[in-house]
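Novice: Sequence:
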Amino acid sequence: MSGARPYRIRPGRRAALIAAYAGPSAFPAAPAASDGPRAALRDIVEDVDGATARRYAAADSTGRGRDAAKIIQDTSGDYLAVYHTLLSDGRFHAALATSSDLMNWTFTTDFGAGSSQPTIKQVSNGGYLVAWEQDPSNHIAVHYFPNRSSLKAGTAARTLQAPRTLSSCAEGTPNIYSVRLAPDIDHSVIELGGHYYSDCKVDRQMRATLTDFTSWKAAKQQEVDNALLHWGVR
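Numbering (the working numbering), first residue to last: 47 to 280.
Keep in mind that the hints were calculated from the coordinates and are not lab data. As the structure is a prediction and not an experimental result, all values here were calculated from the model. Treat the hints loosely; a few may be bogus.
[To be verified] The following label-pair restraints were derived from C-beta to C-beta distances:
hint, residue 1, residue 2, range
1, E92, A159, 31 to 39 angstroms
2, T257, G96, 40 to 48 angstroms
3, A103, D258, 30 to 38 angstroms
4, S146, W277, 34 to 42 angstroms
5, A159, A228, 32 to 40 angstroms
Positions of the beta carbon are idealized from the N, C-alpha and C atoms, including for glycine.
Let's have the full structure, built from the sequences with the hints guiding it.
Specialist: Pasting the structure below:
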C-alpha cells in the first residue's frame, strides 16, 4: 500500500478505543478479502461430478501410485508430475511422470530410494528445480536440471543436501516459492518453504533461502504456526 505510514496502536489500547468511541456493535467483522475466491475455488474442487474428467487411485504407466503429486504445465504445453510411492524395498521413491491430458501419466524417472514429498518448478531459463525430503537423517534436497532432457534422465547439474538447522530429527516437505536468476543458477536466490519437526514431536513451518546454490539459511515461520494454532490446528 502507498501513502502515509499507518499509526500503530497496541492491541489493548485499540480495544479500549473501539469500546469507548464506537460501542461493541458499531464495527461488524468484515469478511477477509480472499473469502470469496477461496469459496469459489472450494466449490470447484469439491464438485467432482462436474469435472471434465476424473480418476481415482491414480497411477503411472508402471502401476506406481502417485501419492503427494505436484503437477505443473511447462512451456512445452505438457504436464509434469512429481510424486512418491512406497516400493517393495520398504522405502519411498520420488518419481517423474509426463502427461498431455492429466489423466494418463507416463513414468519417466525414479529419483532414488529415500526420496519423498517432491515438488517441482520450471525456471525462467527453461531449466527445472526439483526439491524433496531425503532420508536417512531426513532433510531437504534441492536439484537443478538445466533442461527437459536432463530432467527426464534424472541427471542434475547442481545438487544441494540442505543442513538441518531447526530440528535434530527431521526437516522436509519442501515447496518452492520463487527462483531468481542473476543471470544463472550459480548466481541465484531460491526461496523455499517446508516443515521442521519441532522438539521431535510435531511439524512446524519453516522458510529457507538458498543463495547461489551454496548458502542455505532457514528460519521458523512462527506467525504462520500461530495462525493455525489459533484455529485449533495442532
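Novice: Give a verdict on every hint.
Specialist: Structure-based check of all given hints:
1. E92 with A159: 31 to 39 angstroms: holds, 36 angstroms
2. T257 with G96: 40 to 48 angstroms: holds, 45 angstroms
3. A103 with D258: 30 to 38 angstroms: At roughly 42 angstroms between Cβ atoms, D258 and A103 fall outside 30 to 38 angstroms, so the hint is violated.
4. S146 with W277: 34 to 42 angstroms: Taking Cβ atoms as reference, S146 and W277 lie about 40 angstroms apart, which means the hint holds.
5. A159 with A228: 32 to 40 angstroms: holds, 35 angstroms
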